Amino acid sequence: MRDMFRSLVFVLLLQSGLAHAGLTIEITQGVEGAVPIAIVPFGWSGAGAAPENLAAIISSDLSRSGRFDPLPDRDLVAHPTDAAMVKFQNWRMLSVDNLVIGQVSQTSAGQYSVRFELFDVYRGKQIIGYSFPAGSQDLRRVAHHISDLIYEKLTGEKGAFNTQIAYVTTTGSGKGKTYTLLVADSDGYSPQTILRSNQPLMSPAWSADGRQIAYVTFENKAAEIYLQDVASGSRRKVASFPGVNGAPSWSPDGRRLALTLSQDGNPEIYIMEVASRALKRLTTNPAIDTEPAWAPDGKSLVFTSDRGGSPQLYRIASWGGQPQRLTFEGKYNAGADISPDGSKIAMVHGNNGSYRIAVLDLKSGVTRVLTDGRLDESPSFSPNGSMIIYATDAGNRGVMAAVSVDGRFRQRLSIQAGDVREPVWSPFGK
Amino acid sequence: MWQVIRENPRAVLYALLMHIVLLVLLVFSLDWTPKISRPAGQKVPIEATLVDQRQLDAIAERKLAEERKAEEAKRQQALEEQRKVEAKRKAEAEAKQKAEAEAKRKAEQAAKQKAEAKRKAEAAAKQKAEAEAKRKAELAAKQKAEAEAEAKRKAEQAAKQKAEAEAKRKAEAEAAARARAEAEMRAQLEAEQGRLEEQRVQSVLGEYVGYIADKVERNWLRPPGSAAGLKCTVNVKLIPGGDVVSARVVQGSGDPLFDDSAEKAVLRAAPLPVPDDPSIAKHFRDFNFVFKPL
Numbered sequence: 482m483r484d485m486f487r488s489l490v491f492v493l494l495l496q497s498g499l500a501h502a503g504l505t506i507e508i509t510q511g512v513e514g515a516v517p518i519a520i521v522p523f524g525w526s527g528a529g530a531a532p533e534n535l536a537a538i539i540s541s542d543l544s545r546s547g548r549f550d551p552l553p554d555r556d557l558v559a560h561p562t563d564a565a566m567v568k569f570q571n572w573r574m575l576s577v578d579n580l581v582i583g584q585v586s587q588t589s590a591g592q593y594s595v596r597f598e599l600f601d602v603y604r605g606k607q608i609i610g611y612s613f614p615a616g617s618q619d620l621r622r623v624a625h626h627i628s629d630l631i632y633e634k635l636t637g638e639k640g641a642f643n644t645q646i647a648y649v650t651t652t653g654s655g656k657g658k659t660y661t662l663l664v665a666d667s668d669g670y671s672p673q674t675i676l677r678s679n680q681p682l683m684s685p686a687w688s689a690d691g692r693q694i695a696y697v698t699f700e701n702k703a704a705e706i707y708l709q710d711v712a713s714g715s716r717r718k719v720a721s722f723p724g725v726n727g728a729p730s731w732s733p734d735g736r737r738l739a740l741t742l743s744q745d746g747n748p749e750i751y752i753m754e755v756a757s758r759a760l761k762r763l764t765t766n767p768a769i770d771t772e773p774a775w776a777p778d779g780k781s782l783v784f785t786s787d788r789g790g791s792p793q794l795y796r797i798a799s800w801g802g803q804p805q806r807l808t809f810e811g812k813y814n815a816g817a818d819i820s821p822d823g824s825k826i827a828m829v830h831g832n833n834g835s836y837r838i839a840v841l842d843l844k845s846g847v848t849r850v851l852t853d854g855r856l857d858e859s860p861s862f863s864p865n866g867s868m869i870i871y872a873t874d875a876g877n878r879g880v881m882a883a884v885s886v887d888g889r890f891r892q893r894l895s896i897q898a899g900d901v902r903e904p905v906w907s908p909f910g911k
Numbered sequence: 032m033w034q035v036i037r038e039n040p041r042a043v044l045y046a047l048l049m050h051i052v053l054l055v056l057l058v059f060s061l062d063w064t065p066k067i068s069r070p071a072g073q074k075v076p077i078e079a080t081l082v083d084q085r086q087l088d089a090i091a092e093r094k095l096a097e098e099r100k101a102e103e104a105k106r107q108q109a110l111e112e113q114r115k116v117e118a119k120r121k122a123e124a125e126a127k128q129k130a131e132a133e134a135k136r137k138a139e140q141a142a143k144q145k146a147e148a149k150r151k152a153e154a155a156a157k158q159k160a161e162a163e164a165k166r167k168a169e170l171a172a173k174q175k176a177e178a179e180a181e182a183k184r185k186a187e188q189a190a191k192q193k194a195e196a197e198a199k200r201k202a203e204a205e206a207a208a209r210a211r212a213e214a215e216m217r218a219q220l221e222a223e224q225g226r227l228e229e230q231r232v233q234s235v236l237g238e239y240v241g242y243i244a245d246k247v248e249r250n251w252l253r254p255p256g257s258a259a260g261l262k263c264t265v266n267v268k269l270i271p272g273g274d275v276v277s278a279r280v281v282q283g284s285g286d287p288l289f290d291d292s293a294e295k296a297v298l299r300a301a302p303l304p305v306p307d308d309p310s311i312a313k314h315f316r317d318f319n320f321v322f323k324p325l
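Sequence lines, in order, name chains A and B.
Every position in the first sequence, counted from 1, becomes a number in the working numbering once 481 is added.
Every position in the second sequence, counted from 1, becomes a number in the working numbering once 31 is added.
Careful, some of the hints might be misleading.
What the hints assert, rightly or not - Listing some non-contacts, in silico: residues in chain A with all C-beta distances to chain B over 10 angstroms: (1) GLU513; (2) GLY514; (3) ALA564; (4) ARG573; (5) THR848.
Claimed, not checked - Calculated lysine to any residue pairs in the SDA-like style (CA-CA distance at most 25 angstroms, straight line): (6) LYS639(A) / ARG253(B); (7) LYS262(B) / THR509(A); (8) LYS115(B) / ALA126(B).
Just so you know, these hints were derived from the structure itself, not from any lab.
All of these numbers come straight from a predicted model, not from anything done at the bench.
No residue lacks a Cβ here, since even glycine has one placed at the ideal position from N, Cα and C.
Chain B extracted, bound-state conformation:
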């Protein structure tokens, strides 16, 4: 619409003017319509002139006819005016429509042409790019093939070298592993023997710890009335037969009577029962008692 207005300013101006004229005419024609108005409720004094009725009627009839004729003419004229205006408006509208259609057609055509040009350009570019890509791909494929061939050659060479080295290494490793396995087996065997020996020692130790503790406990005269929770450590040195060389409090309880009773318990219990096996008896040469009444 705006496009049409801009392209046909004159037609628009005319149309506007026509509308204004028509509006003026309409307004004034309204005023033309006879209107008998009388202020409501106001009694206007009547000025009457007596005339002959017939005469009056004839005159009135004539007058009325004339008025009717004039009015008809006037109406015809207005209609004519209206027709003209309408025709003009119609013509203008048609012209405007036509112009709009033409402009639209032209625009569409231009767009179509432009699109076509673009499509062609794109197609060309694509074709070119494809050709280029193909060329490059072919080149790359060729290079790749060459490189692969080279790599394969090298790999084969390396593999051959590696295989030789591997074979050599493997032979060496196997020899080493054999040696190690043998060593481990020997060590395990020794460890197992050691463990069994240790178990035996522990077992015998435990047995004699029980004997010794029982004998010392039987000989421990706890001083009556000692405070609860006393604890002292007595270091003991024995000669192989179990006789006590020394029994000495190395960590006192704070109560000299309690400490003395602990030392004396060990002395009274002498000789302590110790095993004959020197490998076990050695644990009982120098050890500690902890006196800790429950």
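If we strip away everything but chain A, and leave its shape as in the complex, we get:
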């Protein structure tokens, strides 16, 4: 039928006697999938072995996004390191759209120059090319930055590879049990310890500028909320009320903190002016209200409440008022994070004894389950909204995993030790 229609179109156009380009062929079907790309290992000039495999970092980044399908190293037909060495015909035969080549050169001890070029294989031309100076500690970050540049150039959407993830790990057991708050690169590498405690650490939350992290600690035997500067490590206690002090969430303007307090006897959502620590109670309900998450415009928050009999998500204006229920599918919908464009809500969706990451599209009202774990939790959007990081159960131990927002591509971030909980993706610009 499609072919018939197509033939009809071309015959009609042919008979109408268009002198120029008389034939028109309609293309209605395509393939939705990852774009094939070849990332050639960067050349190395310097003493000893190359300090870092930048091509592998870039390849892993682009692959994890679900938008690109890097050619395996064994299929690389050549290893050019500058434009003059590129024979596009070779790459066309491999059906890759784009080619990335580069060179790392040692300029002095521990100092490097990183150059890379991105080519359009079919048009046989360079798309972008840059050179960066980098210290040995910066090489991974430079690789992520190159991933961002490639991603943005080819998808039209800002990359979020050069960002960070905060998370909590538990190691040891019994008296030796240690809780650690860490910050790692978006691929899970380069973890840095922010805080270590033998009492539980929970609920890390990035400030909008990425400079501070709020968290809950039991180091004084009761839940307290601290704000900590990531770079300097300095911190201050902002909430130590009787009962629950939990689930801090920064407002987009960075001036307020939404949190859960039970100082009035029941867990309710409050908003604190960070500078003055003035509190304003947002919810008044005998049920448990917790896990507030700000909308990107700061005008409303989404929180979890069991006021309807089971934990479900509700939306409330940031000045208060009557909450509106958002989720109706399933017996458990909790732990909301709102996408950077405000159009979607990621959440933990419980159904038939398994807890998975789902996305509720606010415009259509459609809920889509993205993961297939048994105990997936703590979804957090990447700052470009294209991916969600979450914790998943891997044999009685939590690990971090990332899923593309369309659910097509899912990957565990493999390197963390211990039981990993509550990953939170940083904003841009850290």
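Go by the hints and put chain B onto chain A.
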């Protein structure tokens, strides 16, 4: 009636006078009839004179007889008068009747005479007209016959000329028609050959359009999350082997990623399958793709 009155005014006058007299007489005679009337209910005092009954009877009898006689005479006289009047009236009526009859007869006679005269005049006129018509008809018939004879003569002459001309024309037309028919047949033959060729070209074209579209579709990586309803036109130039010389968006969708994916689909699909036959392959030298996801 009115006619009679007008013709005999005197008789009428007499009759009228007689009627008036009779009416007067009648009225007065009524008055003559003795009438004893007495106001009802009024007791008139009686003046009585005693007389001898017999004497009285005789006198009364005489008197009565005399009165009867006088009355009889009077009655006879009236009757006589009446008879006279009646006779006169009758005479007058008869006279009137007679006069009326006479007048009627005379009128009828006059009418009859007039009608007769008219009939005669008409008959004469008719006769005359008929004679004239006949004369004219005869004349016309004669003229017509002459004219017909002339016309026939002329027609025969014209027919003869026409027949000659027609024969000549026909001969010429036949020659021309033969020539035309031959030309048409040749043209038809050529057209038929052309049509068959066109059909063959269309059929092969259709086949290769299918191959090309399939290959391009297999190579079109649609950018995820593109808006619905995007459409762009890509102009393609090929060299004879099907290799793409250029693939260029000539009408964009507004979404640069979508447009780029369309161009790239064509580039990725190269070389495109094209037929060897140069007369068909020429259609694939320079053509358009319309990328329009369903």
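The hints, checked one at a time:
1. The Cβ of GLU513(A) does not lie farther than 10 angstroms from every Cβ of chain B; its closest approach is about 5 angstroms, which violates its non-interface assignment.
2. Not every CB of chain B is more than 10 angstroms from the CB of GLY514(A) (nearest about 6 angstroms), against its label as outside the interface.
3. The claim that ALA564(A) lies off the interface holds: its Cβ sits roughly 19 angstroms from the closest Cβ of chain B, which is beyond the 10 angstroms cut-off.
4. The claim that ARG573(A) lies off the interface is violated: its Cβ sits roughly 8 angstroms from the closest Cβ of chain B, which falls inside the 10 angstroms cut-off.
5. Under the 10 angstroms C-beta cut-off, the non-interface status given to THR848(A) relative to chain B holds; the minimum distance is some 18 angstroms.
6. Distance hint between LYS639(A) and ARG253(B) is fulfilled; the C-alpha atoms sit about 19 angstroms from each other, no more than 25 angstroms.
7. Taking the CA atoms of LYS262(B) and THR509(A), the gap is about 10 angstroms. The hint holds against a cut of 25 angstroms.
8. A C-alpha spacing of about 16 angstroms is found between LYS115(B) and ALA126(B), which places the hinted pair at or below 25 angstroms, so the restraint holds.
This entry does not satisfy hints 1, 2, 4, going by the numbered hints stated previously.
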